[in-house]
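Student: Per the working numbering, the sequence shown starts with residue 6, numbered consecutively.
Derived by calculation from the structure, the hints in this document are not laboratory data. Fair warning: there could be bad hints in the mix.
Below, a list of computed lysine-lysine pairs in the DSSO-like style, where the Cα atoms sit at most 30 Å apart [claimed, not checked]: (1) K42 <-> K243; (2) K369 <-> K300; (3) K102 <-> K430; (4) K46 <-> K11; (5) K261 <-> K42; (6) K453 <-> K42; (7) K75 <-> K46; (8) K369 <-> K74; (9) K290 <-> K102; (10) K182 <-> K11; (11) K364 <-> K43; (12) K453 <-> K364; (13) K322 <-> K74; (14) K453 <-> K430; (15) K300 <-> K27; (16) K322 <-> K290; (17) K404 <-> K43; (18) K74 <-> K46; (19) K104 <-> K373; (20) K42 <-> K290; (21) K290 <-> K75; (22) K182 <-> K243; (23) K260 <-> K369; (24) K369 <-> K322; (25) K75 <-> K430; (26) K27 <-> K102; (27) K420 <-> K42; (28) K290 <-> K269; (29) K75 <-> K42.
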Amino acid sequence: MNVNTKYGAIRGILSEGCYIFKGIPYAQPPVGELRFKKPQKPESWTGVYNADHYRSRSMQGPIREGFYKKEFYDNPDFLEERSEDSLYLNIWRPQNKEKNLPVAIYVHGGAFMGGAGSNLPFVCTELALSGVIVVTINYRLGAFGFLCHPLLGVAGENEAGGNYGLWDQLAAFSWVKENIESFGGDSENITVFGQSAGAMSLQTLALVSQSEGVFQKMILQSGGGYNNPLAEYRTVEKASTFAEDLFEIIGIDSKKCMTSAREKKQALELLYNISSEDLMQAVGKVIAKSFVERKGMPFVPVIDGELLIRDGNALIKQGVFLPINYLIGSNADDLTTEGTVNKAPEVNMMHQSDLEFAKIVNEKTRNKAYVYYFDHRLPGDDSGAFHSGELWYIFGSLKYSWRPFTDNDYILSQKMIAHWSQFMKTGNPNVDESHQWLPCTRENPYYKVFSM
């Protein structure tokens with residue numbers, strides 16, 4: 006199938022009832038002097054762009070042995086090479102559907118340090134076959150995506166740099182809005198959804214004016230909420246300390262470069278010209294130091310004064326967020342739970358922050374917020390309903406997992422896909438009248454439990 010976009014023609018592939026377009030550039034490669042800059046619109050091309058394979062994932066550390074390597078990174082078919090040239094997206098379109106299909110754009114997690122839109126379990130065929138065009142994206146990670154320091158600032162706008170990964174996400178959303186009608190999608194019916202760092206990114210973007218009108222609905226999985234224990238709305242001052250650690254490792258005197266034009270010029274030349282691998286080596290040392298000193302993730306979204314203007318929790322409390330419908334939830338054994346698996350929802354900190362966010366949405370706006378709680382213990386080990394365990398079910402990609410899923414797991418996946426796709430289509434996750442999924446309010450703090 007060929008599609009004509011505003012940048013040129015694209016050829017996809019047909020597989021299992023979906024037209025799939027992989028590795029579409031949504032921005033120019035952020036290399037050279039674009040390394041620490043906002044994404045720039047892609048250049049047009051002549052001829053037909055062959056979108057039959059994934060492109061590079063963003064620069065990130067090596068895949069280490071452990072739980073998540075076995076869970077998501079053991080299949081080489083879904084593990085692309087790393088590169089700074091990584092701003093690509095992938096599209097699944099159901100073959101036998103008409104135009105004006107709802108659109109859903111997924112933002113992956115990975116602690117702002119790893120992951121890609123091409124990773125398992127993000128095989129979107131089953132979700133797309135429910136009647137939705139599904140898009141997955143890459144964005145810049147680690148220091149490449151979130152290095153923040155006044156040295157990198159641009160006068161009159163991005164004064165301290167940072168948040169490049171969030172600007173990437175907005176650029177991807179804008180590309181989809183601009184071009185998705187050519188794929189049969191409805192540019193006025195876009196849902197953004199994400200998990201972990203992806204959900205944290207999206208909740209930040211729900212608080213910024215640049216998102217207005219770009220998308221119409223949002224799903225936050227294990228990363229949203231009011232006073233979410235995982236998220237931090239970091240100040241420029243704190244973010245700059247991580248940058249200074251990096252500068253010291255690569256040979257930049259952060260004090261001199263802010264007082265001497267010559268030193269600043271030399272520092273910027275080094276930052277733009279150091280190889281991506283050498284920069285990654287330095288980033289690894291910063292990450293190690295941060296974890297030893299218990300300072301948290303070193304490169305995350307910041308209150309930059311341009312994109313995010315104030316602390317996110319303060320904005321949420323005041324009702325300063327996009328007036329759209331939200332679906333939000335987390336898992337029984339998520340990252341903020343401790344001890345034995347499947348603790349009660351009442352002591353699950355992330356779940357409680359989900360409930361509070363939904364209550365605020367339903368208080369402050371005419372829109373609706375729905376809450377879920379995933380407490381199904383996945384088969385194969387004793388990890389329970391772990392952080393990201395719901396993803397196999399949302400995407401319907403269970404057959405790619407090592408886990409010994411049963412018929413009941415596939416039934417649960419079909420049920421969750423039905424609810425997610427219904428929300429993507431209408432803003433309401435209810436699929437029938439027999440079991441109503443109610444909005445979560447202070448008067449009735451309802452949440453829907455997903456288990457066997």
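Student: If a hint holds in the structure, say so; if it doesn't, say that too.
Tutor: Each hint, compared with the structure:
no., hint, verdict
1, K42 <-> K243, "holds (20 Å)"
2, K369 <-> K300, "violated (34 Å)"
3, K102 <-> K430, "holds (14 Å)"
4, K46 <-> K11, "holds (11 Å)"
5, K261 <-> K42, "holds (22 Å)"
6, K453 <-> K42, "violated (42 Å)"
7, K75 <-> K46, "violated (36 Å)"
8, K369 <-> K74, "violated (42 Å)"
9, K290 <-> K102, "violated (50 Å)"
10, K182 <-> K11, "holds (11 Å)"
11, K364 <-> K43, "violated (35 Å)"
12, K453 <-> K364, "holds (15 Å)"
13, K322 <-> K74, "violated (38 Å)"
14, K453 <-> K430, "holds (19 Å)"
15, K300 <-> K27, "violated (37 Å)"
16, K322 <-> K290, "violated (37 Å)"
17, K404 <-> K43, "violated (38 Å)"
18, K74 <-> K46, "violated (34 Å)"
19, K104 <-> K373, "holds (27 Å)"
20, K42 <-> K290, "holds (23 Å)"
21, K290 <-> K75, "holds (25 Å)"
22, K182 <-> K243, "violated (35 Å)"
23, K260 <-> K369, "violated (45 Å)"
24, K369 <-> K322, "holds (9 Å)"
25, K75 <-> K430, "violated (34 Å)"
26, K27 <-> K102, "holds (20 Å)"
27, K420 <-> K42, "violated (42 Å)"
28, K290 <-> K269, "holds (23 Å)"
29, K75 <-> K42, "violated (35 Å)"
Consistency with the previously given hints fails for numbers 2, 6, 7, 8, 9, 11, 13, 15, 16, 17, 18, 22, 23, 25, 27 and 29, ordered from lowest to highest.
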